[in-house]
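Taken in order, these protein sequences are the chains called A and B.
Start counting the first sequence at 247; every next residue gets the next number (the numbering used here).
Start counting the second sequence at 73; every next residue gets the next number (the numbering used here).
Warning: the hint list may mix true and false statements.
Which stretches of chain A does chain B cover? Using the computed rule of at least three CB atoms under 8 angstroms from a CB of chain B, they are [said to hold, decoys possible]:
1. 306 to 320
2. 506 to 520
Derived contacts from chain B toward chain A, CB cut-off under 7 angstroms, selection only [to be verified]:
3. GLN79
4. SER80
5. ALA82
6. PHE89
7. LEU91
8. TYR121
9. TRP123
10. VAL129
11. ILE141
12. THR148
13. LEU165
14. ILE167
15. TYR178
16. ASP180
Calculated from the structure, these hints are not laboratory results.
We treat Cβ as the ideally placed atom computed from N, Cα and C, and that holds for glycine.
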Amino acid sequence: MSFDFSVALSAILVLTLFGAPIAIALISGSILYLLVSGQDIGIAAQQVVGGLYDSYVAIAVPLFIFAAKVMNSGSITSRLLNFALNLVGHFRGGLAQVNIVTSVIFSGMSGSAVADTAGVGHVVTEMMQKDGRYPKGFACAVTVSSATIGPIIPPSIPMIFYALVSGSSLGALFLGGILPGLLIAGVLMILCAVISRRRGFPTEERVTDAARRAVLIGGILPLMMPVILLSGIYTGIFTPTEAAAVSGAYALLLSVVVYRDLGFRELYTLLVATARDTGVISILIGSAFLFNYVVSVERIPFALAGALQDVDLSRTMLLLIMNAVFLLLGCFLATSTIMLVCVPIVLPTVLAAGVDPVHFGVVIVINMMIGLITPPYGVLLFVIGGLTRTRVGEIVSELWVFIAVLIVALLIVTFVPGLVLWIPSMAGF
Amino acid sequence: MLKILRQSVAALLATAFALMFAIFIAQIVARYFFNAPLTWTEEAIRILYIWIIFGSVGTIVAWRDHVSIDFLLLATRGHLRRALMLVSRACVLVILVISVPDTLDYLDYMRRIPTGVMRLPTGLVFGVYMVFCVGLPLKIAIDIRRILSDDWDDAEDNLL
Chain A
247 MSFDFSVALS
257 AILVLTLFGA
267 PIAIALISGS
277 ILYLLVSGQD
287 IGIAAQQVVG
297 GLYDSYVAIA
307 VPLFIFAAKV
317 MNSGSITSRL
327 LNFALNLVGH
337 FRGGLAQVNI
347 VTSVIFSGMS
357 GSAVADTAGV
367 GHVVTEMMQK
377 DGRYPKGFAC
387 AVTVSSATIG
397 PIIPPSIPMI
407 FYALVSGSSL
417 GALFLGGILP
427 GLLIAGVLMI
437 LCAVISRRRG
447 FPTEERVTDA
457 ARRAVLIGGI
467 LPLMMPVILL
477 SGIYTGIFTP
487 TEAAAVSGAY
497 ALLLSVVVYR
507 DLGFRELYTL
517 LVATARDTGV
527 ISILIGSAFL
537 FNYVVSVERI
547 PFALAGALQD
557 VDLSRTMLLL
567 IMNAVFLLLG
577 CFLATSTIML
587 VCVPIVLPTV
597 LAAGVDPVHF
607 GVVIVINMMI
617 GLITPPYGVL
627 LFVIGGLTRT
637 RVGEIVSELW
647 VFIAVLIVAL
657 LIVTFVPGLV
667 LWIPSMAGF
Chain B
73 MLKILRQSVA
83 ALLATAFALM
93 FAIFIAQIVA
103 RYFFNAPLTW
113 TEEAIRILYI
123 WIIFGSVGTI
133 VAWRDHVSID
143 FLLLATRGHL
153 RRALMLVSRA
163 CVLVILVISV
173 PDTLDYLDYM
183 RRIPTGVMRL
193 PTGLVFGVYM
203 VFCVGLPLKI
213 AIDIRRILSD
223 DWDDAEDNLL
């Protein structure tokens, strides 16, 4: 590590610790690096603005955010919730199962675990907590652990980040997430069934057949969204970036034209909020491009790959170490930061060991999602804890068993690459 | 005055996003329903995208809206907290201001290179980076003045 790089890295760390936005700290530290090493500072603009201009795939992020906002503001959420309630509500611990099923359905429409938690997850949690039917911590634990499925089943914002830094096909990554996402949903449902039986959680009343039919029909239109998205990407009718626009258009069509529960004023507010989010997330992507430029000028990823090759780790050992390192990082850093800044550093090492980039991408996304619910920096815990006024400690005491099950699922996906690669290979990726 | 400016910028950004979204849909419809791919759409989308990013980060996106690590700030109070906030802001301000001349040079150079389809000067398209490079330091300067003022409220920045 050169002196220039040490200066830049120290500046980034200090600025970040002092509360500066990570994106701004990365840009400032990298500009400092260019300054100290005597390079043209114009490179910063070239990397940030030029990098973003060249990243067509990145535009999918704000479009998916917009689609999620539209869905969460209209009645789409409640329709899907009713649908899931009729499907699995009558099982023991029915609402816990409903929680997981709605997460799976929503994960096929939205690419953000935070949006899923704050939207449909929040509604189901309140239903579970009402009249003390389920312990508050348990309700939140089910919500956050099932919200992790959101970015694993496509669409997925973290997968877009990974595609940007790795150059992997986003279509392949999206399709690769389907089976692992369903696997996770399956193990969570089994876990909830076991816990519900043991603790005697309630069931939901069965409704009449006529009412049930009405609710199931009401859920059909929103349920078409994942079908349209996945079949569009699978058959190549549209690119994953265009899929993001299609999902936004479909959500708008349902909320504005069909259900008429989104007026002009609300839509305007959503557009402003999305424009703001576009800035926040994309500047982080741009800052990562600049920092990754600095890191590659310093040849750090290759030095790391060389060092690890000298140690002669087996592929299994390497993947285990990567999982451990990223699980640990996930406890402290935001997904976007890890995906955009840390993953590019280890990627050459992983690829040199013969790991498939799409497989590694899906493994890392699952890993990051577990990071979202592990303390001390588990964003989803703060989101659901804040929304439902539940203490984080209360959630965490119920959550450990869910985290353990998710880690088992992560290990299965890590060591059975076919789970990830089968569908993309069928689609010709 | 500042409020009206913010609202106008917000309206512009919302319009830009709606336009970008509409162009996306037009692109898909033209290609699949009319079998007549539009050549300019992708470039227009890219341009609108970067204008929304730097337009918003340089103006309506607040310091606390960004992804940041806040545990140290949350753990401190009073003068120490104020000092941390001032140091981080001042450093960023100085570094961004230093970068302005070289950035202008780069943009001036890029003015000679036209974009692929619409043949617009790339320097002009990328020029929105200056909104970030100048807008952010300006916002930080206003922020620093607020933090330095006597009536700065510790609690007001609890969400940082």
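Looking back at the numbered hints, which does the structure fail to meet, lowest number first?
3, 4, 7, 9, 12, 13, 16
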